[in-house]
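J.: Residue numbers (our numbering), protein chains in the order written: chain X, 1 to 371; chain P, 1 to 371; chain S, 1 to 371; chain R, 1 to 371.
Treat the hints with care, as some may be off.
If chains are identical, the list can't say which one is meant, so a pair holds when it fits in one copy or spans any two.
Lysine to aspartate or glutamate pairs mimicking DMTMM-like chemistry, simulated, CA-CA at most 20 Å apart [what the hints assert, rightly or not]: (1) K76 x E316; (2) K76 x D39; (3) K76 x E36; (4) K282 x D319; (5) K198 x D168; (6) K282 x E316.
These aren't lab readings, by the way, just hints derived from the structure by calculation. Remember, predicted model here, so these are calculated numbers, not experimental data.
Protein chains: 4
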Amino acid sequence: MSLPNTIGSSFAFTCFGESHGRCIGVVIDGCPAGLEISDQDIQSKLNLRKPGQSIVTTQRAEEDKVEILSGVFNGKTSGAPICLIIWNTDVRSSDYEKFVNIPRPGHADYPASVKYAGLNDYRGGGRFSGRITAGFVMAGAIAEKLLNSLLSLKIFAYTLELGGLRADLSKFSFDEIIRNRYSNEVRCPDSSLAQRMKDMIVEERGEGDSVGGIVECTVLGLPVGLGEPVFSSIESEISKAIFSIPAAKGIEFGSGFAGAKLRGSENNDAYIQSDKGRIVTKTNNSGGILGGLSTGMPLVFRTAFKPASSIAKSQESIDLSSGKESRLVVPGRHDPTVVPRAVPVIEAMTSCVLADLAIRGGYIPRVLKKN
Amino acid sequence: MSLPNTIGSSFAFTCFGESHGRCIGVVIDGCPAGLEISDQDIQSKLNLRKPGQSIVTTQRAEEDKVEILSGVFNGKTSGAPICLIIWNTDVRSSDYEKFVNIPRPGHADYPASVKYAGLNDYRGGGRFSGRITAGFVMAGAIAEKLLNSLLSLKIFAYTLELGGLRADLSKFSFDEIIRNRYSNEVRCPDSSLAQRMKDMIVEERGEGDSVGGIVECTVLGLPVGLGEPVFSSIESEISKAIFSIPAAKGIEFGSGFAGAKLRGSENNDAYIQSDKGRIVTKTNNSGGILGGLSTGMPLVFRTAFKPASSIAKSQESIDLSSGKESRLVVPGRHDPTVVPRAVPVIEAMTSCVLADLAIRGGYIPRVLKKN
Amino acid sequence: MSLPNTIGSSFAFTCFGESHGRCIGVVIDGCPAGLEISDQDIQSKLNLRKPGQSIVTTQRAEEDKVEILSGVFNGKTSGAPICLIIWNTDVRSSDYEKFVNIPRPGHADYPASVKYAGLNDYRGGGRFSGRITAGFVMAGAIAEKLLNSLLSLKIFAYTLELGGLRADLSKFSFDEIIRNRYSNEVRCPDSSLAQRMKDMIVEERGEGDSVGGIVECTVLGLPVGLGEPVFSSIESEISKAIFSIPAAKGIEFGSGFAGAKLRGSENNDAYIQSDKGRIVTKTNNSGGILGGLSTGMPLVFRTAFKPASSIAKSQESIDLSSGKESRLVVPGRHDPTVVPRAVPVIEAMTSCVLADLAIRGGYIPRVLKKN
Amino acid sequence: MSLPNTIGSSFAFTCFGESHGRCIGVVIDGCPAGLEISDQDIQSKLNLRKPGQSIVTTQRAEEDKVEILSGVFNGKTSGAPICLIIWNTDVRSSDYEKFVNIPRPGHADYPASVKYAGLNDYRGGGRFSGRITAGFVMAGAIAEKLLNSLLSLKIFAYTLELGGLRADLSKFSFDEIIRNRYSNEVRCPDSSLAQRMKDMIVEERGEGDSVGGIVECTVLGLPVGLGEPVFSSIESEISKAIFSIPAAKGIEFGSGFAGAKLRGSENNDAYIQSDKGRIVTKTNNSGGILGGLSTGMPLVFRTAFKPASSIAKSQESIDLSSGKESRLVVPGRHDPTVVPRAVPVIEAMTSCVLADLAIRGGYIPRVLKKN
């Protein structure tokens with residue numbers, strides 16, 4: 001319960017590695033034996049998060065090639081803990097040396113330096129770098145494959161809002177959203193809006209600035225009753241996982257903050273029978289969750305990301321060594337927004353949480369039968 | 001890690017009891033020995049959450065008188081687990097019997113019935129009732145006293161928005177907010193707006209409807225560096241705790257969802273020196289948290305509550321025994337809004353999370369010296 | 001993972017209460033919904049541990065009447081946490097007041113006083129009293145019923161050795177051992193040896209002394225493969241649970257310490273087919289466990305209990321207030337040996353561990369079907 | 001709480017890797033920042049466990065060279081999780097292929113095959129191999145350095161009994177035992193007995209057989225009051241850790257099983273003042289633990305190891321593919337006894353447990369001051 005680098009209880013992972021250390025890795029414990037896993041299953045997910053892919057992301061060039069160090073035997077999970085790593089290769093730590101005493105606004109530099117008495121690896125943000133989310137994606141690849149294979153879940157996130165530009169996705173079907181979300185660099189299913197978002201990012205980057213946005217995530221196919229009340233409600237477990245992603249500052253399920261303005265008669269989702277005789281709700285203001293349990297309707301939540309903290313503009317700070325006020329321009333290679341690369345990370349963390357709850361709730365067995 | 005009714009790892013509590021069962025209780029484990037605790041310390045907090053206090057709350061009349069069953073010796077915590085209970089007395093379960101097969105929209109009835117195969121105690125919502133938060137408040141009373149005594153923290157929540165009426169609190173000092181927040185029935189520090197909020201609730205109740213709202217919580221006095229990255233960030237732990245409160249559907253820290261629309265140069269908080277030579281930030285868009293760690297600035301977060309699900313209006317549902325569509329008017333005695341009574345619950349859960357992180361981080365010793 | 005008063009992860013319990021406090025209680029989390037539970041199921045187990053039953057136990061007269069405070073609905077577990085308590089009634093704390101500064105040899109008084117800076121409830125040993133094992137027995141009653149109902153396990157412990165008198169049980173069948181173990185006051189299945197053991201205890205008590213002994217526990221019916229390597233092996237989990245019982249100082253599985261003197265060719269258990277075509281072993285030196293997993297053979301382990309620490313003889317100690325050497329005769333009412341009353345406690349803790357491992361391993365579902 | 005490959009709660013490690021997989025590794029979480037760590041600190045401990053060192057161990061030739069993958073920055077722990085691995089190089093898996101269906105007596109083959117439906121990596125025993133204890137030793141090296149640096153503990157294990165030959169160590173001082181324990185191949189501080197033990201092993205190996213033995217471990221310098229009752233007593237935590245070591249089948253603390261034959265007046269340890277004015281006990285039958293807490297006297301416990309299961313003699317087994325009885329001679333390269341190589345493993349696991357309890361109890365801070 002108190003291991004700060006482990007998340008989950010029945011399907012869990014422990015992460016390690018620093019932005020400019022030797023590698024980024026995870027150890028997954030609790031994955032049922034018998035799941036087919038190839039390097040490609042994981043690599044395809046890592047590639048969605050990989051840096052240096054487009055003009056809207058950092059130019060750090062990492063191959064992020066996964067190595068499976070344990071837990072997979074004859075192409076299947078063996079029931080043993082699964083260690084996955086990627087090696088860091090394109091590291092330029094000298095960028096950071098001269099600013100070690102001048103904390104970057106919006107970054108963890110200052111509180112981390114106080115907490116660890118200056119002993120933490122500050123290069124590239126160390127453990128506080130978004131790079132650690134590569135580990136989340138590796139773990140998520142296993143979780144998602146498990147959920148797909150066993151429960152036929154569909155877990156998909158996408159950019160809903162970027163730099164204030166918000167998509168209206170009501171005109172798209174789930175299938176279209178699933179299909180389109182990775183078809184452009186900003187990961188917005190509305191491709192015409194996506195172009196405007198991209199133009200805006202390029203412009204802000206040109207001005208040395210950055211933007212934030214909102215990622216929505218939808219999950220289809222959840223069985224009714226998933227979730228472990230009272231403290232392992234779906235909202236509790238997902239929010240805990242999502243706030244481990246650097247720059248996430250808000251989360252809402254279903255009607256969320258807007259729902260707080262509605263009346264009960266407007267916000268309550270009436271029960272009706274679907275065409276297929278299933279019990280469904282007319283609306284889905286609950287985001288597919290009541291009492292912390294899945295209702296069988298689509299799980300829907302949105303995450304607010306602040307604008308990337310690393311900007312090229314000069315900012316006020318303080319030199320911790322002298323106590324004097326100082327200015328800095330953040331060094332290094334950075335993303336003008338974290339939102340597009342956060343999309344696969346949110347899918348990954350959502351997958352890990354749902355895999356954990358699915359195992360805890362008995363929806364997935366401990367051993368998948370050998371063929 | 002997987003006990004669904006336990007929260008926390010170093011200062012933790014396990015809760016038990018049902019809305020219409022014999023009692024509501026908690027067992028707190030990990031509270032340092034030597035903290036002075038009286039019945040009154042806990043009762044004064046319980047009284048803030050107690051039902052039946054005003055026109056804006058349910059008329060269920062529970063005394064909610066705390067009993068300390070263990071862990072306190074000679075007026076101080078002894079290092080042993082602390083069991084606290086209140087007995088249920090004013091129970092009218094018959095209200096629920098006839099609707100056992102017709103799930104109430106917005107409530108956990110339907111997914112809970114599926115999850116537990118109909119074996120769960122459905123009376124008054126059972127474990128899914130807001131009544132279990134009385135246990136949260138009891139645990140929080142101990143946590144808050146610990147934090148006040150050892151770290152001089154000030155933890156205060158208040159109604160920011162109700163039924164769409166939003167307060168502008170920029171005109172009030174922290175001291176005024178602290179002082180005023182419990183001075184009216186809706187727990188809004190702006191007393192003139194509070195009167196309008198109350199009128200609005202009375203009107204909605206008259207129409208058989210309910211409203212939602214937003215509670216803001218502020219914490220003053222946190223040391224720099226509290227939080228245990230990466231998965232026990234302050235945001236992760238607080239959000240997990242807050243989403244255990246029935247009806248919470250969104251949370252945001254600092255600038256939150258609004259911050260997602262800002263540029264990095266606007267949202268980053270510049271470091272400056274305060275008059276007293278401390279390192280502070282000009283703005284507080286981070287809500288006092290960077291990298292999951294406290295910055296020393298006020299911790300600020302907001303929780304969105306949906307409108308209370310129990311309304312007197314007729315609603316569509318399905319009779320699970322026949323599979324036929326049906327209508328129901330929710331029986332029982334209910335709150336027209338959960339927001340005012342959620343205020344002390346949010347203070348309690350915030351206190352429990354911060355006490356846990358404070359002990360984990362070594363900010364509070366295991367034994368307070370004996371006088 | 002770090003809650004010192006909670007044990008188990010999927011079937012877990014948290015215990016609270018002190019020897020001379022208001023009550024002894026447990027909260028069980030993770031028990032599947034749908035298990036029939038009556039007061040009598042628990043009371044019958046508590047009665048086996050109850051004090052004051054015979055000349056070989058303490059004369060403290062506690063009724064130890066269980067109350068079910070939560071988690072049972074319509075006679076079945078509901079999936080909610082189960083709180084069980086017994087009230088303390090026959091407390092004579094004055095026995096302890098004058099010796100508060102003179103630690104009793106063999107008791108936790110001295111290290112507990114240092115650890116908690118004198119703040120712990122020392123009356124009757126407080127949390128360190130054997131009385132807290134009444135809580136273990138209550139939790140074990142639920143676990144055992146679960147295991148019996150779902151897996152038809154037979155869990156039975158019995159006195160193997162007392163004050164140096166050791167039983168040869170090879171002449172008894174499992175059925176005879178099961179039947180006879182509670183038929184005499186010392187809980188030894190060999191009734192003629194039991195009489196000698198009892199005489200010996202009476203004699204030692206007359207001399208103001210106490211004796212130790214060994215309890216053996218056997219479990220029949222375990223499925224093959226129970227256990228969660230590497231750190232939740234059956235041996236790991238059972239030993240952790242057993243050493244929570246005051247006065248336990250050694251444990252061995254199968255051939256144990258004697259096996260350390262054997263050759264591999266003697267100690268290895270050869271695989272053969274049973275008459276019924278099952279895979280069994282010729283011998284059972286492994287105690288039914290290989291690699292931390294159950295083999296399907298009887299699980300067998302033995303626990304060594306030291307002689308009861310409270311004796312009427314004068315002993316050397318130190319007055320902590322003056323630092324001077326001092327003598328004391330231990331006050332209060334005590335057992336001349338803990339062994340007979342430890343028998344049901346060992347059954348209880350074994351049941352809790354096996355229920356936990358059975359749920360973790362997927363051998364028991366989360367919800368038992370409603371009739 | 002339920003992660004089977006993680007042990008500890010405040011100083012914890014997760015282990016991964018299989019005997020014939022790519023590597024053996026651990027991730028340590030919770031180690032305070034600021035501890036100086038070099039490759040050599042870990043390598044020197046690994047070398048004590050390394051195979052192929054003498055005639056009394058397996059001839060598998062592994063270099064076991066540690067690599068620090070994360071968590072150490074500028075020669076000190078950084079507060080981040082520490083990943084340590086060794087690569088497997090001398091793997092001969094073909095030894096195992098033809099016996100995959102014939103479980104080796106005394107090994108986990110049969111129950112593991114049932115538990116994982118044949119999906120587990122069986123090569124060299126996979127996760128059940130003693131080779132995973134190399135990970136324990138790496139974690140232990142960090143823990144021991146922490147305990148030495150902060151609390152000046154001395155943790156030392158040694159062979160007390162081997163193949164029935166038992167040392168009388170009463171003639172040696174603690175200093176002599178510490179100095180001599182690694183001076184011979186069997187790790188017995190009595191060098192003349194050590195020679196006899198070695199001769200005996202060579203003889204048994206010659207006959208294709210193996211032997212068991214007992215390892216004793218002593219810890220000097222523990223503060224009074226370490227341990228977290230009731231379920232994280234020192235005995236509970238140490239026994240859980242020790243039974244994770246393959247072949248361990250018994251453990252006893254202090255007088256242990258022999259103490260069960262004593263009277264209370266014999267077994268109780270009388271309190272006296274030491275020459276230096278400290279409170280000590282005349283005897284140490286408690287093994288330095290009362291009520292699960294350290295007394296300040298030497299912590300003493302003994303672990304019984306069964307004879308190594310892999311023997312060259314022909315044994316009875318069953319061919320799982322045909323269900324027919326069969327014979328096998330265990331293939332591979334093996335230790336004629338696990339005892340000498342278990343000595344550093346026991347030191348390692350004891351160190352990990354004590355580091356965990358020391359942090360939990362507040363005896364070690366979260367950050368060691370930067371020089």
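J.: Each hint needs a verdict: does it hold in this structure or not?
T.: Each hint, compared with the structure:
no., hint, result
1, K76 x E316, "neither (53 Å within a copy, 31 Å between copies)"
2, K76 x D39, "within (11 Å within a copy, 34 Å between copies)"
3, K76 x E36, "within (4 Å within a copy, 40 Å between copies)"
4, K282 x D319, "between (57 Å within a copy, 16 Å between copies)"
5, K198 x D168, "within (17 Å within a copy, 35 Å between copies)"
6, K282 x E316, "between (52 Å within a copy, 10 Å between copies)"
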